[in-house]
Structure formats: structure tokens, C-alpha cells
Amino acid sequence: MADSEFDYEGTLEACARGDKGAFQRLYQREAGQMLGLAITLLGRRDQAEDCLHDALVKVWHNADRFDRSLGQGRAWIYSILRYRALNQLRSRGRLVDTDDGFIEQMADDSAQAEDIASDQSEGRELRRCLRQLERPRRHPILLAFYRGLTHEQIASRLTTPLGTIKGRIRAGLRALQECLQA
Amino acid sequence: MIPEAIEPRRALIGEYVLGLLEEPEASEVRELIAHDREAARMALEWEQHLLELADELPPQTPSLVLWERVQQSLGWTPASQATTADGFSGWWNSLGLWRLTSGALALLVLFSWLPGVLRDAPSSASFTAVLQVPGESAKPGWVVTVDGDGTLNLQSLVADQIPANQSVQFWTLIDPKDGPRSLGLIEPGKGTTLSAEQIGAVQAGQLFELTLEPEGGSPLNRPTGPVLYIGRAVLIASN
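Those sequence lines, one after another, are chains A and B. For the first sequence, the UniProt record's numbering assigns the number 1 to the initial residue and increments by one for each residue that follows. For the second sequence, the UniProt record's numbering assigns the number 1 to the initial residue and increments by one for each residue that follows.
Hints are computed from structural coordinates only; laboratory data are not their basis. All values reported here derive from a predicted model rather than from experimental measurement. Positions of the beta carbon are idealized from the N, C-alpha and C atoms, including for glycine. Among the hints, a few may not be true.
[Said to hold, decoys possible] To give a feel for the contact side, a few chain A residues facing chain B, derived at Cβ under 8 angstroms:
1) T40
2) R45
3) Y78
4) E125
In isolation and in its complexed conformation, chain A is listed as follows (with noise of 0.2 angstroms):
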């Protein structure tokens, strides 16, 4: 969970200027998140580790390009994250078998209005937003998100043709951003 009290950009910074405890800070505090994502994006620990491991080396060869003007620290490390993720899914090109339980229930997670206060008194805009989509679009949007899934992988594992997914994604995607710039 993202700490507000931990300073993300000046912690890169530090590393950026070879502070050692900066990043081990930075691995105690973001560790445990980053793994749960991997290991939920590849299903497996042993290669969720192995993903965490590259994309931590890679934050700290490369925190010197991290640039705060650009936005922000926490979300700049996940996006190293998600990359290292979703390239050993694709080289895998391989699915793994997994429970889409939770991923089922939050596409079934529709507005309610008690909900929708929540969400905006706690800062989780795409939350409210993801929930003001109607099913068909919000769905792929999550199977991308915490699968890895392609175009392709949504169109069969939901069975609808490839064009209406891409379409639905689309969709989704500028109704999400149309909300979350409002």
C-alpha cells in the first residue's frame, strides 16, 4: 500500500547519487507490494522473484533518468515493474492456469452510491471510475491489468470477437480518462 508519509521521488533521487540505504529503505518499504503484482501477473513465485529482482537492479541503474517533473516515484518503479512482467509473459507466451475469482468480482462491482463517496473521500478515483463502466468494458480492462492478458487472450477467454474487445477497450479507456480528468 502506498505510504504517503514516504518521500518515493526523493528516495530515487538518493539512489540516483548511490545512496545504498535509500534503496534498501525503498525495497522494505515497496518489496511486498511489488511481489504481490508479480506474482499475481505471472502466477508463479519463483518467477515472480526473479522479476522483482530485475526490475529492483534496473530501478537503481537507472534511477539518474527518474525525473519528477514527469510524475511520480512510486508510479515510475512500477512502471519498470509491470514492463519486466509483462515482457517474461509474452517471451512465456505460454498462460498460466489461474484463479480469476477476484478479478470476476470486482468486474461485477458496480457503482452503489454509499461506494462512490468512499472512493472520492479516499483518493481511489480509478476505483469510482472503473465502476461507472459497464461490465463489458470494465472487465478487460482488468484481465490486462492483472493478467497480462493481449487483445487476443481477452477475446477467447471471455469468447467475444477479437474487434469488439478491442473496441470495448478503447471505449473504456477514454470513458475512464474522460472521468478521471473531470
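Mind docking chain B on chain A? Use the hints.
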């Protein structure tokens, strides 16, 4: 073709961030993000929003060896130094340290001024644990030994056949309220050695176990499969 208009461009970058674009479109967007600050900002903005989804997942404790591996890859701890006699770096790299609260950490920092305290304190006892089939005390399968340096050795007494799509995972449990910690995957019939830095300080009564997990290890932060062998550490020597 990358759209010029800002909203379709932002949506396309969203598709890229989700990993949904194929070549050559993916490369075009990657190039754009590398050279166009506004595009890079949009990509990080999507990533920032998606963090909300990542944070819905429960965190998973990395196995003890991961930090060690990262440090080795960064060239911070050459393999030859893994069981260093150097009191300070051994202490600093000790994973057991990480489990200490910040209060205990402050106390350790205080003690570190006293010569010899940290050098000797965690590493003078040796332990052994015989891991047996649960409920069958006449069936030892593996032996754990922890020597005076804190190096752990896991030796097999059996040659079990494990199905091809499953893995054997090694765990330890110090305090039930912290839950088990993965020590990594084990080849059936083959032992392993873990350095003191990887294993942390061992205590009498500490539980070690091997469980049968899906190929690649438990997808969760704890064992999900049946316990194959289990045993507790017994103090065999203390200085």
C-alpha cells in the same frame, strides 16, 4: 499512426501502459514516450492511476534470499563475502535485523559502539532440526543444521518423487503471528545451504517445514499445499 489530438493520444498511451499494443504500434508509442515529455507524463499518469489496482492485492513477503540476490547483482556483496567474518557488514546485511522494530534498531545502533557485542552475539549457538513426516516420528526425511556461524545446511535422507507440475518449498516459522517465511524452492532429494545473512538468527523451537506446492512455489505468502516434513530447531551447542 499516433493521433495528434490529445484525448485519443492519451487513450492510446493508456493501451500501451496496459501492455495491449502490438508491433509496430507499441514501438511507435515507446519512441514517443522516450522523446516527448508530455507523452511520458501521460504514461506515468496512467501508471499512477493503475497503482490503485495494484494496491488492491495483498503484499507478499519476498523470500529471504531475494535481497541477498539483488545486492549480489548490484555488486554490493561479492559471493565470497556471503559468510563474511566482518562483524559490521555481517550485521548490516543480516536479514534478521529487518524484523527488528525501529526501537530495537536504535538499541542496536547504541550497542554497536561497544566493540565485540554485535560480532559475537548472534552467531555462537548451533542448532539442529530433524524434519519428519507429520504425525510419523519414525520417518525422518531431512535434517537441518545451523552451525556456529549461522550457516544453515539442509540435507536429504530420502529420495522422494515429486510430480512434474509441483515444487517443494522450504519454510521457517519463528513467531506464529508473523507467519511463515519462504526460504525458497528445494530440489527433491537434494540439499541446500543458506548463509546466515539469508536465514537470519535462528532460535530454539523455530519451526522448519517442507511443503508440496504448485510448480514454481506457493502463489501466496504462506504454504498452500500439504506439509511433507516438519521439525523444530533444538539447541545443540552454545558458547
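Verification of the hints:
1. Satisfaction of the interface hint for T40 of chain A is found here, the shortest Cβ-Cβ separation to chain B being roughly 6 angstroms, below the 8 angstroms cut-off.
2. Proximity of R45 of chain A to chain B holds as hinted, the smallest CB-CB distance being about 4 angstroms (cut-off 8 angstroms).
3. Look at Y78 of chain A: its Cβ gets to within about 6 angstroms of chain B, closer than 8 angstroms, so that hint holds up.
4. Among the interface hints, the one on E125 of chain A holds; its C-beta lies about 7 angstroms from the nearest C-beta in chain B, closer than the 8 angstroms criterion.
Taken one by one, the earlier hints all hold for this structure without exception.
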